[in-house]
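Please build the complex by placing chain L on the supplied structure of chain S, with the hints as guidance.
As a plain string of letters, each chain reads:
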Amino acid sequence: MLMAGIPRIVEQQLHAMATVEDHPDPNLLGAFVEKSLAQGEQLRVLEHLSRCTTCREIVSLTATQPGFAGAVLVAPVRAGWLSWPVLRWGAAVACIVVVGTVVTLRQQHESRQIEATISEQKPEKQISALSSPRAKAAEETTAGAAKPTVTRQMTRAMKPAENHAAAPSPVEMADAGVGSRLAEVPGRAKAAESQDAQSMKAAGNAAQVETSGAAVVPLVSTNLPPRWTLSSDGTLQRSRDSGRSWQTIQVADNTIFRALAANGLEIWVGGAAGALFHSSDAGQHWTQVRPVANSEPLADDIIGVEFTDTLHGKVTTSVQEIWITADAGQTWQKQ
Amino acid sequence: MPKQDFQPEPGVVAGLDALMAELYEKSKGEELGLTRQQFDSVLGEIARKYLPSDAAHHDLRGLYMSLRAEELVLARACAAGHEHAWEVFLTRYREKLYDIAGYITKESSTARELADSIYAELYGTTTRDGQRTSKLASYTGRGSLEGWLRTVMVQEHVNRYRRQRRLVSLDEETEEGSQFATPATEVAIAVDPRVEAATDEVLIALPPEDRFVLASYFLDERTLAEIARTLGVHESTISRKVDKLAKSLRKQILAALGRRGMSRRQAQEALEVDVRDLRVNIRSRLAQEKGGGAFSKKKAEAPADGS
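Going line by line, the protein sequences match chains S and L. What the first sequence shows, in our numbering, is residues 1 to 335, in sequence order. What the second sequence shows, in our numbering, is residues 1 to 307, in sequence order.
So here's chain S without its partners, still in its complex pose:
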């Protein structure tokens, strides 16, 4: 390291400051080297040393002798693990690790989404065939001879406008004849749908990939919770693609449902003549629940179902009766 020099006048005056005062005895000089003097005494000796060439020689020769306990090489003061350089580099490394982790997780997530989409291409086709012509075209493109090249860059390149155009809304689907307009479902049905919408928002727009052509094919994520709704004709419908397409779920023949409560895997649907069905596996299997209170069964139309958790819920009837359960429908109380 090239050390900065000092003006000659400084050297001269340093020389001139040399004193001929009483020198510290070897006891003090030795103790100074060993750092065993009190702070004040240490400073006084240092003050003398700064002016006395002879004592500096003695101290230096003493301190630099090998094997001398007082001459142990000390670690750099600023080289502690909390020093600024360490903190700076530490922060940089931490940032790199965090960014790397996020990118890796995102890549894995996107890969899963893409795989899921490709695996669901066949079932989607059936619905897409009935949807808008544009979606149909997109589907055709996807199912074309040349398989779509799915890349992350393309995913990032998608545009919101295209998304909107490519994703048929429930209304569009109703026009296409898959379902009717969204049912005016009281109670939890709306809340459930709203929840789903929020979760969709949080998860970001479902991954979409641009195929080799200009068309944009919507990708769906199986990780997203299914959305539930009741059609105007009282059928239960489920969407696994954030409402882009809907499937009718057969719960019971000829039953018109008017109320829906969806809470994770727990689905409750109620309808005409006290028909109340419960699924605890997201609609795979259904059980009819027959509420009875005071030996009187529920026979009126159910117009509202609300479940705050898996056990506690209430059912509202067309005659404004409220049936309450606290054990997942095992027992009921009427209010």
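None of these hints come from the bench; they were simulated from the model. A quick note: this is a predicted structure, and the numbers were derived from the prediction, not measured. Wrong hints could be hidden among the right ones.
Dumping the calculated BS3-like pairs for lysine-lysine here, alpha-carbon to alpha-carbon at most 27 Å [as the list claims (entries may be wrong)]:
hint	chain 1	residue 1	chain 2	residue 2
1	L	Lys26	L	Lys49
2	L	Lys96	S	Lys35
3	L	Lys28	L	Lys106
4	S	Lys35	L	Lys244
5	S	Lys35	L	Lys241
6	L	Lys241	L	Lys251
7	S	Lys314	S	Lys334
8	L	Lys251	S	Lys35
9	S	Lys334	L	Lys106
10	L	Lys96	L	Lys106
11	S	Lys35	L	Lys26
12	L	Lys26	L	Lys96
13	L	Lys49	L	Lys28
Where chain S lies over chain L, by a calculated footprint (3+ residues, C-beta under 8 Å) [as the list claims (entries may be wrong)]:
hint	region
14	37 to 45
15	83 to 92
16	212 to 218
17	248 to 259
Glycine is no exception: its CB is placed at the ideal position from the N, C-alpha and C atoms.
Okay, now just chain L, sitting in the frame of chain S:
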């Protein structure tokens, strides 16, 4: 054992009895033939040496607690001629004395000569008032006995070196060529007293450690590692300090010159003047001891180099 005239000062030593007793026990003085009274006497002598007569109780206590009691007693027992103490001393330090001498002198015969000389002083060959005086009697336990021995040996070596320089032979001078050197010429250029005053002001305002580092690095030409080991810090710390000091000194002197009425340009020009060209004879100002030259081989310069 030489009798010490210890007169405990009332009010100062009072209350320290328990501490002194504890120190005496730790020092194993009894085994080495040092009585408690003699031990107290030694402590009193050390207190008088390092503390003012009106030192506070806690200062005295702090001093006593910092002493290396066991080594102090060993040294004093040796000085008193205690046989077992000498056995212990020689077992511990005899080899070290020669090792230290070897490192200091870098030459085996000189090292042995130095070690033997020190050994003789420690044993006490000189007499004062008919009594043998041992150098070990001057050990006060402020640092370790080994550290003291090292310092004493270095001091002795420096003194010998200086004595030898005064008696340098004509042949040696001829070899060095210094007898033919051109006599130093004093250039008649006056130093602006304001520059000297400003520099002094800045230097005096520096902390002692900074001055020590400056003097060690720029005057003594010590290496960063040597300075670092002396101060017990890392070399990089000294490197940064030297660099910072060198930069800040110039600024501070310029500022001080500005306060003394110099313009910035004048001040800068004044600082750029090489002092070797001035009539100031640095050597004469440097000399602390008559006939004393620079000890270090690194900074030993020809006496007539003009500086």
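| query | Can you name, in rising order, the numbers of the hints this structure does not satisfy? | reply | Hints 3, 8, 9, 14, 15 contradicted; others consistent.
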